[in-house]
Amino acid sequence: MITALVLTPASQIPLLVAHPGLTSQLAIASGLFLQLFGAVTHGLTQRTVRQQACTPDMQGRMQATGQWTAFGLRPFSALLAGYAATTLGLRTTLFIGACLLLLPPLRLALTPIRTLRLAAP
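When you number the sequence shown by our numbering, it's gap-free, plus one each residue, and the end is 103.
Keep in mind that the hints were calculated from the coordinates and are not lab data. Yeah, the Cβ is synthetic: ideal placement off N, Cα and C, and Gly gets one too. Every clue listed holds true.
Across the chosen pairs, the derived CB separations fall in these ranges: (1) 50 to 26: 15 to 23 Å; (2) 2 to 68: 16 to 24 Å; (3) 71 to 15: 21 to 29 Å; (4) 96 to 68: 36 to 44 Å; (5) 2 to 91: 33 to 41 Å.
Build the full structure now, drawing on both the sequences and the hints.
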């Protein structure tokens, strides 16, 4: 899970150094593919851990909490990013956003998830 989350900030590098032209477009497309791969991998691993760690009666509540956290904050984040881009500039805002994407894998690395061993079904 941690490795999959680290792919997200790494995938932003081509966007931060892009210049007009086909090479940058291909680099950004590759970064987006890497980001999607990391998101899918993290989602699958996260659901597996949840299914192993939570009792069946708590599965729905855990899913709803995760969905609210992931998708419920998007409108606020979009407004904040738009304001930041307007006041700080686009490249500065993208750089700050890429740096903030380092927080989730760091936070996860500080939890006991690194030592978790799932039992075979």
